Each structure stands twice: as structure tokens, then as C-alpha cells.
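Novice: Below, each chain spelled out in residue letters.
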Amino acid sequence: MGKPIRRNEDPRLLTGQALFVDDVHLPGMLHAAFLRSNYAHARINSIDVSAALEREGVVAVYTAADLGDYWQRGPLLVPPPPIDGLVFNECTQVPLAKDKVNHAGEAIAVVIAESRYIAEDALEDIDVDMEMLDAVVDIETALDGDTPRIHEQLQSNLAAHVVQEKGSYEKAAASAHKIIKRRFIYDRGTAAALENRGIVVTWEARSEQLTMWDTTQAPIPIRNGLAAMLGLSESQVRVVAPFIGGGFGPKIMMFYPEEVVLPWASMQLHRPIKWIEDRQENFFSTTQERGQVHESEMAVDENGKILGIKDVFVHDAGAYAPYGLTVPINSQCTLLGPYDVPNYYSEFSAVFTNKPIVTPYRGAGRQHGVFVMERLLDFAARELGIDRVEIRRRNYLPKEAFPHNHEIIYQDFAPLVYDSGNYLPALEKAVEIIDYDNFIKTEQPRLRAGGKRVGVGIVSYVEGTGIGPYEGAKVTVENSGKVCLLTGVGTQGQGHYTAFAQIVAEQLGVDVKNVRVVTGDTREFNWGCGTFASRGAVVAGNACNAAGKMVREKILKLAAGILEVAEADLELSDGKVQVKGVPDSAIKLGDLAMQANPLRGAVKPGTEPGLEATAYFGPERGATASGVHAMLVEVDPKTMLVEIKRYVVVHDCGTVINPMILEGQIQGGVAQGIGNAFYEELFFNEGGELMNASFMDYLLPTSLDVPPIDTAHIETPSPLNPMGVKGAGEAGAIPTGALFAQAVEDALNMDGFEIHEIPLSPNKLFELTRK
Amino acid sequence: MKPPAFKFFAPNTVEEALTLLETHGSEAKLLAGGQSLIPTMNFRLAAPEVLIDLNRVNDLDFIRQDDGNLHIGAMTRQRAVERSDVVSKLQPLLFETMPYIAHPQIRNRGTIGGSLVHADPAAELPAIALALKARFKIVNKTGERWVDANDFYTGMFGTAVEEHELLTEVMFPKSTESSGTAFKEIARRHGDYAMAGVAAVVGVDAAGQCDAARVVFLSVSDAPLLMENACKALLGTNLSAAEVDAAADIAANQDADPVGDIHASAEYRRHLVKVLFSDVVQVAAERARA
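Top to bottom, those sequences are chains S and E.
For what it's worth, numbering that gives the first Met the number 0 labels the leading residue of the first sequence as 0, then goes sequentially.
For what it's worth, numbering that gives the first Met the number 0 labels the leading residue of the second sequence as 0, then goes sequentially.
FYI, nobody ran anything at the bench for these hints, they're computed from the structure.
Honestly, I wouldn't trust all of these hints.
Heads up, simulated SDA-like pairs for lysine to any residue below, C-alpha to C-alpha not over 25 Å straight-line [unchecked claim]:
{"no.": "1", "chain 1": "E", "residue 1": "Lys6", "chain 2": "S", "residue 2": "Glu123"}
{"no.": "2", "chain 1": "S", "residue 1": "Lys637", "chain 2": "E", "residue 2": "Glu95"}
{"no.": "3", "chain 1": "E", "residue 1": "Lys28", "chain 2": "S", "residue 2": "Gly27"}
{"no.": "4", "chain 1": "S", "residue 1": "Lys763", "chain 2": "E", "residue 2": "Ser220"}
{"no.": "5", "chain 1": "S", "residue 1": "Lys637", "chain 2": "E", "residue 2": "Gln253"}
{"no.": "6", "chain 1": "E", "residue 1": "Lys6", "chain 2": "S", "residue 2": "Glu113"}
{"no.": "7", "chain 1": "S", "residue 1": "Lys770", "chain 2": "E", "residue 2": "Gln281"}
{"no.": "8", "chain 1": "E", "residue 1": "Lys1", "chain 2": "S", "residue 2": "Met695"}
{"no.": "9", "chain 1": "S", "residue 1": "Lys637", "chain 2": "E", "residue 2": "Gln281"}
{"no.": "10", "chain 1": "S", "residue 1": "Lys451", "chain 2": "E", "residue 2": "Gln281"}
{"no.": "11", "chain 1": "S", "residue 1": "Lys637", "chain 2": "E", "residue 2": "Val85"}
{"no.": "12", "chain 1": "S", "residue 1": "Lys637", "chain 2": "E", "residue 2": "His270"}
{"no.": "13", "chain 1": "S", "residue 1": "Lys763", "chain 2": "E", "residue 2": "Ala101"}
{"no.": "14", "chain 1": "S", "residue 1": "Lys644", "chain 2": "E", "residue 2": "Pro98"}
{"no.": "15", "chain 1": "S", "residue 1": "Lys770", "chain 2": "E", "residue 2": "Ala265"}
{"no.": "16", "chain 1": "E", "residue 1": "Lys183", "chain 2": "S", "residue 2": "Pro706"}
{"no.": "17", "chain 1": "E", "residue 1": "Lys183", "chain 2": "S", "residue 2": "Leu747"}
{"no.": "18", "chain 1": "E", "residue 1": "Lys1", "chain 2": "S", "residue 2": "Arg35"}
{"no.": "19", "chain 1": "S", "residue 1": "Lys451", "chain 2": "E", "residue 2": "Ser239"}
{"no.": "20", "chain 1": "E", "residue 1": "Lys28", "chain 2": "S", "residue 2": "Tyr116"}
{"no.": "21", "chain 1": "E", "residue 1": "Lys1", "chain 2": "S", "residue 2": "Gly27"}
{"no.": "22", "chain 1": "E", "residue 1": "Lys183", "chain 2": "S", "residue 2": "Thr768"}
{"no.": "23", "chain 1": "E", "residue 1": "Lys1", "chain 2": "S", "residue 2": "Ile125"}
{"no.": "24", "chain 1": "E", "residue 1": "Lys1", "chain 2": "S", "residue 2": "Pro706"}
{"no.": "25", "chain 1": "E", "residue 1": "Lys1", "chain 2": "S", "residue 2": "Leu747"}
{"no.": "26", "chain 1": "S", "residue 1": "Lys763", "chain 2": "E", "residue 2": "Ala265"}
{"no.": "27", "chain 1": "S", "residue 1": "Lys644", "chain 2": "E", "residue 2": "His102"}
{"no.": "28", "chain 1": "E", "residue 1": "Lys183", "chain 2": "E", "residue 2": "Val85"}
{"no.": "29", "chain 1": "E", "residue 1": "Lys1", "chain 2": "S", "residue 2": "Glu113"}
{"no.": "30", "chain 1": "S", "residue 1": "Lys637", "chain 2": "E", "residue 2": "Pro120"}
{"no.": "31", "chain 1": "E", "residue 1": "Lys183", "chain 2": "S", "residue 2": "Leu699"}
{"no.": "32", "chain 1": "S", "residue 1": "Lys763", "chain 2": "E", "residue 2": "Gly259"}
{"no.": "33", "chain 1": "S", "residue 1": "Lys770", "chain 2": "E", "residue 2": "Pro98"}
{"no.": "34", "chain 1": "S", "residue 1": "Lys770", "chain 2": "E", "residue 2": "Val258"}
{"no.": "35", "chain 1": "E", "residue 1": "Lys1", "chain 2": "S", "residue 2": "Leu122"}
{"no.": "36", "chain 1": "S", "residue 1": "Lys637", "chain 2": "E", "residue 2": "Gly259"}
Small disclaimer: the values here were computed from a predicted structure and weren't measured.
Put together the whole structure using the sequences plus the hints.
Specialist: Right, dumping it as C-alpha cells:
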């Protein structure tokens, strides 16, 4: 624990031996291709698949009509939280569009054929008679009276309306020295995981078993849902989420149309079916995030102390909202950040649009809140003549303030209570590493005098991580002395094969390499939720710890009996248990495991064979991680190209399990944040069609665009779990937009020039500086 | 993203390729390095019924010099040009530009001829060819002809190569000693299609005055664009910063008529024309004087 050991999974991954969904080849396997709408909003008059069925190699073509009663809307994954006065208009996605399509890329029909080539050819044979409707693209006019209604069963395009209030902003504003008021825009991006989605599914009639390999972040809920939909027992359905090339949130969404339609089709055809999403499909049919517009104001006193904040925003829910209010509630709650905000009024309207579905994507709404808060602080500092770092110092919650109740409801339905935190040391460390004072006083004036446009940014954030409900783990010491660790969460590159192994190895005194981790296969472990919301290390990690501890106790008890000593006199190390300081007494754990599973005699009543235990962990609430990012940039004023000269992250995620894996998480998050801030943008035209659905025009940052990142850590353990860990998965990506805006604005140093939006680009900076 | 079915031929000689072209006419597409054609087919934006693969026509893979003129075979890989000492010596502008073309993996496969004939308005090689007054050898069943760069590009993705014809070679004429060249482009990320790019050839006489100028932009028009008025304005000047800036204004406001796209508005492109023109002409002038 706490050591930067190399990852157990890397040899497999680096030599191409790891199993991904597309590596699954089954005898007689068919291939699927989906017909997807080119229009964002249209009525379907009729669908003629007869020509497609005649094409050689086509086995079946299905539309919504063929699904019969199996055609159902997807489940509402997260019901609305218990907030007074909340309005929630439920509308979830459908497996195949029936009468209407509501976003470009929505699936209308599926072709099952002998090859993907033939299946794609047959898509062109399908004749869909569609009547194009005006599309709802702009979220700010989505609720206007003359805007077309997307879901005819609803009264308007309103998906939800929520007000949360703490204290009285009005009173705070009345006594304020200054009110800082701005409008902020944060627009869409896509997670663009390296591996797209994919499914291989087979129904074996003889064994009455359905097996689905699926790029899901939540295999157990998928298994449970599928069994219910197909009328099968859960024990008849096995879902395997093998190695997955990045999840980032969109791979949780359940159920995607493909996850509903293909298992059903395999049962109809009695043949295995493969579907691997291509990159173009990914841009339309995998969920996205980030569209919000905020009207925000901050009341401050003459010292820059926040008296209150008012924030009213519109949230783009996309065409359907299976994820309830998770994203906008996160925006609402995360806005408060590490600061003491005595009065808060927050109101949002989530609106349906004719754009791809919105569900959480790394950060999950937190970016927006952080952007609003950090920008307001920047402008307040400027208008009051206070240093940017100083205004943050003055507003931080002090370390004595924890647990701190913000008195509003969080995404886990509980009051937003920060379990722990210590913000000032992280800020001071970041200031020191980036040499902030020297840069502001000496370097920047010197470089500016030489015509360089250089700037510094420094921002803070918190991230609610590691929410429930629970995860489990099963630990078994095998006769070989090796340890098997089963858990249900599934993995998408987070290093679980190593981090979880480290936790159990620590409990049992074995080499980390001797702990074999199995995850993401419902046949191996029956209970759990999934990998999302920065919860793997916190929730599954603590379950591993608890199961490890139980096995440790079994080892001690059995060994104490054999060695005839007290348990307290035993120690575990090097795969052995021995009387402390007496190596001659050592028993190998494998030998002990054999004794715990005797071939003769009888196991005593009330005891279990083997050295094995299963444990579960469910935290009372989330653990609040926090951090500070700082950056130096240079902007070429002629071209508006931006170069990041330095990037510093000081992060506090409580107890660190493996610092190398943590650093990788942070660096990956920052890379995604940089992409979000300056490179990636989805361009929808007035008709709701996506104009840049390829990596030629959707720009991900490359290794040349992401600088080396200096990281440092503060450890403030969470009191809410025995290991004291907090999640780290999303942190890197959360504050980058706010940081980018502040640093670039500082570099350009133009009178009255302010940045109120993300994503930026050279083109946008050119436009903004010309205003 | 799978292409529709097509027939595939892989001739070994130019003659065989021309016969296939004659047989299949407009249904056929020539496959060189495939770096543009194959993605276009995978997106089903192009669906040729016949592909004639030129990758086995070894006669078209060469880099030769003859009396200071540089000859490059159409199927020569971009990576070979990038690494050629002959190219470096005879045509430093071409040599300087090669690393800007996409990424090494693409240049390993992409060919000189493929890029020149594809005539993407954002491609570097057509602009270089126009700046260096390259000549194009086009063959058909009845013979061959040489076409000047000025006449080769005919608009959006259009060239002088007719349906039954094949580009076999491009010739870059010997450059004069008193000229200097430079290239620069502004792209979102290294290797992307540039938002604007420029190649300049500037001649300086003994008195230090500009006696020749060819400044060609990419990505600001539907084909590589020679900035004629701006080049005229440079002639006879001392190429002082003020004079070059004045010409850059002409380039941006008279010669260029850029359109906007998601990465760069027309106004931003026009601004980049001005910035790039000044930068690159100054560098080329310095090199001419050196």
C-alpha cells in the first residue's frame, strides 16, 4: 500500500494479450449494423426493409415493430432527488425509434448479416420515409412557446426544474459591497474513449444460457436488467465486461439500444452476434455532456469575502434523460467548491434538445460549477484590487470546519456534507511549485516588456467521490498460496488489477503479483454496481480491504490453533504465517489453505472450509476530494495559438493506494481537460446535425499538446471509510476549463477582455479579442 | 465504416494501368498511397466500382536530378522525399515543407503524385508545386504531355489530369541562386490540415531589390492560391518590414477571399494570411540575401 509499484495488468495489455470485446470470435457469429437517422428531428412515416432482406448474406432486419412487447423505454436510472418543489418530466430512450426520431444518430433499424460489410451495404437498401421537423438545438430557446415540442406526451421541452437555496442571497446582496454578475457558457464535448462501444452476444439454446461481452462500466446491473427484460433468470445471463479501452461515464448508460436489441436478436436467430461501434457512430450514438448556460452573480464585501451567490442555469439534457438529474445537480453542488458560501440561490432548468443523450462524462457537471465559481472569484479579485490567490485564501473553508454541511441536497440524495478537507496547504504548495509570486512580480513584467504574452492561472475545486450504494469482494487463498480476488465493478484502465491486489496483499502479507484480480464478470461475482463516479478505489477498494481482513482473521485463528500460540503472537509476511520472530514456525499460506479444506475428517459445524471470505462496503456518504491546479501559458497574439509552459496539480484524495496509478489518473484527466478547454468542440448546425463527427475535425489533444504535469499530494484521509481513501478518477478533468480561461486572459492582458466560455480555440480567441 | 464492394486491379506497369483506365473509365479510381481515398470510401462518400492500385508500378518510384532540375516519380513516398539529400540540395522549399504534411505514418504511405492529383485545397504539396513552377507529366494511351503548375490546378479538387490519364512524374525546375524560400502554416495541432499556410519564393537582385516573388497560400481558397497582386507589390521594393506588411495587406484584402469553417472563420483566415505573408516573405528575403 502506498507504493508506486508497476501494474499487474500491463504485460497483458502491452503485448496484446488482453481480451477486449472485439477479440471475441465465436463459431457462426453474425454481424450487426444499425440504421441511424441523418435527421435530428423527424417523423417516421414508413420503413421498407424488403430490399435489404433480399440482399445475399442478410439474415434478418428488425425495426421497432418487430420487437413487439419487448419494445420498452429504457429505465430511469436515477430518480429525482427529494428536493422541495422539484419538477421532473421523465422521458427515457427507446430501443429503436418507432414513430419519431429525436436526435441524429438515433437507431431506426438493425441489419444482422454474415459480415459487417454486408450489413452496412444492406443499410443502404432500407427505405425510410421521413418527414423532417424543425430541430431544437439552442438550449436557451428550448422552452420558448414557438419552439417545437420534442416529446409529444410532455407539455413542453422542460425535463426538470430545480431550486435549491441556503440562507438568503437577497439579503446578502442587499448588504454587499459589490455584486459581480456575468453570463457563462460551457459547451458540449464527447468522451472519445480509445475503444468504442461493442457487444458480442450469444444465446445457447441447449444450456439456456445467454452470454454477452459488453463494453459496459456496470456489468451486474446490465445482467439484472437483461434477465428481467428477456424473462430469464439472472443465473441464465452472464455479462462479461472484459478489458475496456476507457469508460469515462458514457459506457455506464444502460440500456443503450444495442444492449437491448442484440441479445433479443441472438435469441431469435440462435446465433452469436457481434456489433462493434465505429468511430462515426460513436459521435452520434454514445452519450455526451457539458452544454450549460449560466447567469450568475456573486455578492462580496470590500475584503473579497463571499456573502452569497446566485446562479440560474439551463442544462442541455439531450434527446432523452435516463440519468435523471445527476449532471445538473453536480453542477449546482460543486459550484460551492472549497469555499465558505453563507447564502446560495441556485436554480436550473434541464431542457430536452434534438441532440445526443446527455449522461455523466468524467466530471459529470462539476466542470460547469467550478468554471462559474472560479471565474466569479477572478472578476471579483480584479474589481476589488485583490490578488487572485489571496481572494481564494480569504474564502476557503478552514480545516476546523469539517464535516461541513452546505445545506443543499447532493446527487446521492443526502445533504451535501463535506466529510473532510484541508485546502490551504494545497494552495500554498501550488503557489510555491509554480513560483506564483516571483512570476507575477518579476518574470511576467520582464517577459511582457520583451513582447511576450505570458500568463498564470491558479484555481481550486472539490469533487464529491466514492458514493454508494455498495460494492463487494471475495478473497480466497488457494492451495498454491496464490490469492484470488473477485469483485464485480469492472475496469476500464484504472489499474484495478494492481490497486485492489495491493490492498489485499497488505492484509495477507503476500506479494502483490500473487493476487489475481478478477472483475467485471457476473459469473464470478454476483453483487455490485459498477465503476463510475470516482468510486472504484473508495467503495470496491474498501470491500477488498474488508474481505482481506476477514481472511486474515481466519488465517490467524487457524494458525494459532496449529502453532498453539495466541493470534496476537502471529505475523503474516512473504506468503507465510509465523510466530513473531520465529521463522522455524512458519506455515505457508497455501499449506494452511489445504488444512482449511481437509480431504478426511470433518469440518466443524458452524465453520466454513477454506481461507475465504466475502465482504461488502457501502459508505454513509461520498468522500470529498479536492485540489488546486496552476498553469503558465504563452499566447501568440498574432495567431492566438496557446502554448502551455507549465502545469501543476496539487491533489488531495486522502490515503494513496498507488501513487503511480494516481498520477496516471490525474494526467489523463488533465489531458482530457485540456482537450475540453481548447481543442474539442461538437458543432451542431441549425438542423441539429453534427458537423464534425470524425477525428479529422474533432480535435483531441495529442502528446504534443499536453505538457508534462508536476503533481504533489496532500493527504487528508476520509473519516467515512476504514482506508481513508477518496476518489481520484475525475479530478484531473474538472478545473481545467476555469484554469485555462484565467491563464489565457492573464496572458493577453487586454483592457476589458474577459473569457466567459469553454471550449476555446484560436479562432474563438481571435473573435473575442476583436470585440 | 466499411466501404462498399469494388473490383480491384493491381497493374505492374504504366501501360497496364492505362489499359485498365481505358476499360473502366469513370467507374475507376486510381489508388496510390490511399491516405485520402480509403477513408473517403470507408465513410461511403466515394464508392468507386473499380480500384486500380498503382503500388506495384515500380517505375513511378524515383527521385532524380538532371541538370539541376528535380524529377520525382508519382508513386514516390512522401517519406522518401522528406529524407532525400537530392531534394534537400535542389529544392529546399519542398524539403522544408515535407514534415508539415500530416504525420510520419501517413507520409510513409502517402505519395507525391497522390497528393498532387487529389488537389485538396488544404494540402501542402500543390501549393509548393505552384510556388516552384513545377511541371507535371501526364500520360495517356496516345502519348504524354507536360503541364505547367499554373494550368494544372483547376479549382476544388480539380486538375488537368483527364479520366483516362495518369500523372507519372513531377519536375521542379532548377532554382535561381538569388532566390530564397520559406514555408509556414498555422494548424490547430501539428499534422492537422492547416487553417492557413504559405510557401514563398523571393528573388533579390544585386542592389538588394526584389526581382521575383511567388507567394502561394493553401487552405484559403478552393485551390492553391498565388497572391498575384501582393507579389507584384513586392517587386522593386527593398523588402523592408513596412513594404512587406503593405504587400501582406494586399494579399489579405485583395488576393485572398477565404471562406470560414468550424476551425477558422473567414475573418480569422484573412488575418492569418496577413500574418503569414509578412512572416514568411521576410524569412525568404533573408535567405535570398544570405
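Novice: Just to be careful, I want the Cα atoms of E:Lys183 and S:Leu699 compared with a cutoff of 25 Å; is the pair within it?
Specialist: 23 Å, holds
Novice: Next pair to validate is E:Lys6 with S:Glu123; report whether the Cα-Cα distance is within 25 Å.
Specialist: 19 Å, holds
Novice: Does E:Pro120 sit within 25 Å of S:Lys637, going by the straight-line distance between their CA atoms?
Specialist: Roughly 23 Å between the alpha carbons, so the hint for S:Lys637 and E:Pro120 holds.
Novice: Hey, S:Lys451 versus E:Ser239, does the alpha-carbon distance stay inside 25 Å?
Specialist: Holds, at about 23 Å.
Novice: Is the straight-line distance between the alpha-carbon of E:Lys183 and that of S:Thr768 25 Å or less?
Specialist: 24 Å, holds
Novice: Against the 25 Å threshold, does the CA-CA distance of S:Lys763 and E:Ala265 hold or violate the hint?
Specialist: Distance ~12 Å between S:Lys763 and E:Ala265 Cα, so the pair holds.
Novice: Between the alpha carbons of S:Lys451 and E:Gln281, is the straight-line distance 25 Å or under?
Specialist: OK: S:Lys451 and E:Gln281 at ~20 Å, within 25 Å.
Novice: Holds or violated: E:Lys183 with E:Val85, Cα cutoff 25 Å?
Specialist: Within the cut-off at roughly 22 Å; holds.
Novice: Holds or violated: E:Lys1 with S:Leu122, Cα cutoff 25 Å?
Specialist: Within the cut-off at roughly 12 Å; holds.
Novice: Are the Cα atoms of S:Lys637 and E:Glu95 separated by 25 Å or less?
Specialist: 23 Å, holds
Novice: Measure nothing beyond the straight line between the CA atoms of E:Lys28 and S:Gly27; if it is 25 Å or shorter, mark the hint as holding.
Specialist: 35 Å, violated
Novice: Is S:Lys770 close enough to E:Ala265, meaning Cα to Cα at most 25 Å?
Specialist: The given pair, whose Cα atoms are some 16 Å apart, holds under the 25 Å limit.
Violated hints for the displayed structure, listed by number in ascending order: 3, 7, 11, 24, 25, 33.
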